[in-house]
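Student: Listed below are the residues making up each chain.
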Amino acid sequence: MARLTEENVRLAREIIARYPRSRSATIPLLHLAQQQDGYVSNDAMVHIGELVGATSAEVFGTASFYEMFKFEPVGKYLVNICGTMSCALLGADELIHHAEHALDVKLGGTTDDGLITLERAECQAACTEAPCLQVNYRYRFRVTNESFDQLVDDLRAGRLDGEIPPHGTVARVRQRVAADRVVGAVAPADVADGPSWFDGKAAL
Amino acid sequence: MTSYPHAPGFIAGDRPQIVTSRFQYDDSFTLERYLATGGYQGLKKALGRTPTDVHDEVKNATVLGRGGAGFPAGTKWGLTPQGKWPRYLVVNGDESEPGTYKDRLLMERDPHQLIEGCLIACYAAGLSQCFLYIRGEMAVAQERVATALNEAYAAGYVGKNIMGSRFSVDIVLHWGAGAYVVGEETALIESLEGNRGMPRLKPPYFPAAIGLYGQPTIVNNVETLANLPWLLVNGAEAYTAIGTKTSPGTRMVAVSGHVKRPGVYEIINGTTTFRDLLYGDEFCQGIRNDNQLKAFVPGGGSAPWFTPEQLDLPFEASQVGPAGSMLGSGAVMVMDHTTDIPRAALTLTRFYAHESCGKCTPCREGGTWLERILSRIVDGKGTDADLDQLLEVGESICPGAFPHASSSELGLSAVPFPYRMNTICFVGPSAYAPVHSALTLFRSEFEARVTKRTRIPVSGSVS
Chain L
37 MARLTEENVR LAREIIARYP RSRSATIPLL HLAQQQDGYV SNDAMVHIGE
87 LVGATSAEVF GTASFYEMFK FEPVGKYLVN ICGTMSCALL GADELIHHAE
137 HALDVKLGGT TDDGLITLER AECQAACTEA PCLQVNYRYR FRVTNESFDQ
187 LVDDLRAGRL DGEIPPHGTV ARVRQRVAAD RVVGAVAPAD VADGPSWFDG
237 KAAL
Chain W
690 MTSYPHAPGF IAGDRPQIVT SRFQYDDSFT LERYLATGGY QGLKKALGRT
740 PTDVHDEVKN ATVLGRGGAG FPAGTKWGLT PQGKWPRYLV VNGDESEPGT
790 YKDRLLMERD PHQLIEGCLI ACYAAGLSQC FLYIRGEMAV AQERVATALN
840 EAYAAGYVGK NIMGSRFSVD IVLHWGAGAY VVGEETALIE SLEGNRGMPR
890 LKPPYFPAAI GLYGQPTIVN NVETLANLPW LLVNGAEAYT AIGTKTSPGT
940 RMVAVSGHVK RPGVYEIING TTTFRDLLYG DEFCQGIRND NQLKAFVPGG
990 GSAPWFTPEQ LDLPFEASQV GPAGSMLGSG AVMVMDHTTD IPRAALTLTR
1040 FYAHESCGKC TPCREGGTWL ERILSRIVDG KGTDADLDQL LEVGESICPG
1090 AFPHASSSEL GLSAVPFPYR MNTICFVGPS AYAPVHSALT LFRSEFEARV
1140 TKRTRIPVSG SVS
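As given, the protein sequences belong to chains L and W, one line each in that order.
Numbering of the first sequence is given in our numbering, commencing with residue 37 and proceeding in unit increments.
Numbering of the second sequence is given in our numbering, commencing with residue 690 and proceeding in unit increments.
Note that these hints are calculated values from the structure, not bench results.
This structure is a prediction, so every number in the text was calculated from the model and none was measured.
Fair warning: there could be bad hints in the mix.
[As the list claims (entries may be wrong)] Straight-line alpha carbon distances no greater than 27 Å define the calculated DSSO-like cross-link-like pairs of lysine-lysine that follow:
(1) K237(L) with K733(W)
(2) K891(W) with K733(W)
(3) K773(W) with K237(L)
(4) K1070(W) with K983(W)
(5) K106(L) with K891(W)
(6) K1141(W) with K1048(W)
[As the list claims (entries may be wrong)] Ranges between beta-carbon positions, derived for each pair:
(7) G924(W) with G194(L): 50 to 56 Å
(8) T691(W) with D190(L): 56 to 62 Å
(9) E721(W) with T180(L): 45 to 51 Å
(10) G924(W) with D235(L): 37 to 43 Å
(11) D235(L) with L724(W): 27 to 33 Å
(12) K142(L) with P697(W): 28 to 34 Å
(13) P697(W) with V45(L): 51 to 57 Å
(14) D140(L) with R964(W): 46 to 52 Å
(15) G1149(W) with N181(L): 47 to 53 Å
(16) E136(L) with E971(W): 36 to 42 Å
Ideal Cβ placement from N, Cα and C applies to all residues, glycine included.
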């Protein structure tokens, strides 16, 4: 249970400044909180509300709509096996069944060592490579029972630490814009005219 | 026909490549490669012309929206009300339709092409800021686009005074957190405003008139925008020379399920048929194990199903619509004769029931009912009354005749697309589409699965 750290508050303000209205930063800041703690804590949602000008209930209202936000700790690795059409046609149900046995958890559960949480996900946009899964949103394609077991071994042995960050970190690269390159966001109420370059003439 | 280890899923062929031309390079996502292969030349050409001129070029090319509805981008840009400022561009990269993936590849493999497309759209339509919304679960796409944006800003292709011109615009990378319905454009805008991603009631909330922050907003799909750099370099005439008059250019189609070579193909629009795609040597090369084709979904999970009778239809909305389905987002899912049809319908209906945002009662309640009744049938606990109940629930989501394909075997003629709907967006009808198709075209499989109720004659008291 933690508010955002000083470094993350600085990052949060940078993100907020990109939008004409600060509340647009709500989802990016929820990701930031989840990256910090592995899940989204109540304190973090209160803090995000302060930063974007919303009540904590409004922040939770938004957060609870979205599948990726977890409100209690999950395993270091979230394994999402796709169960939608194309994957189901090619054995996703059997793979999920195998995974439940191999990990000794039911869907939604976390292994005793706290390392892996297993979920069934909906279509992950890799339908030609079915059945597929994501570990912390990193793909594994055409997964077999054997390659699933191998994946679990590799995760337990820490062999994938370089490729797969712990749960909470999605993209490891952030947008960064130098102050002299940015045009800057303006509140819509403060804009009366079209952009100066939109004057019927060519820009070059 | 070639596949590349660095782009799993994509299969190239001996066909024109408008949006996938760089997929052959393992470093296709870098600025260096992009510039070495003609990158940002379309933007340069655009900036040398007036915005109206660029807009006309796109209109003349009839670039159809690739997100599902197929509305021409140039026409869409022209729908913003006069004199209302600012106007925004929102890029829909929230690709999550079952069976669909092309936007993910375009973002992972060629992010600069998308960025260039965004800039051309902003320039032509006078849009003062661009928000690039990427699906939350697409970690690599987010990383590639973030890196590309950082490179492009630093090199002067995005931000202030682009390519030394008077044109200035910011592109803000935004990302979601897992919700299918956010792919609907007004839900996308709600999500971008920091809210629960629920669709808005239209009218009045057509984004072009009242969109992000209540301002005129153009929402375009990733693939649609990715077409623009090529179009500006080569011109509308070259663009319309590919494909047909009503469906020009190419489009990306993902074919998955029971085929020998599933893959994402860039196909020629309007002329390529489903038979070409499923059986052609340069495409999927037939059904796995040379099995019989039973049915296929022609346009993403939301589309009513086709059977082998519809194989010769081309990728042309004006022919697929009257035949009872839609082209949607470019996703074909193939089922061979071993497929358990009620179970297949259940996997799709479960998806839409799960993804219902809960705003409209027919979808929230109806989707769940459909899923429960189907589950019951699949588990062998259904009765014949359940079959009619499925149709009854569907009727409350989509009143009147629901589109379906023709079947000479069953003596059915086609009911054309689209349907009427009691919901704001397409999630509710999409939950019903697989149920309706499966039950209409394969009713016997359901009947074999359910218990026939026997009427017990009432002849007197029990005792």
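Student: Checking each numbered hint in turn, tell me which of them this model violates, lowest number first.
Tutor: When the structure is compared with the hints, numbers 2, 5, 6, 8, 9, 10, 13 and 15 turn out to be violated.
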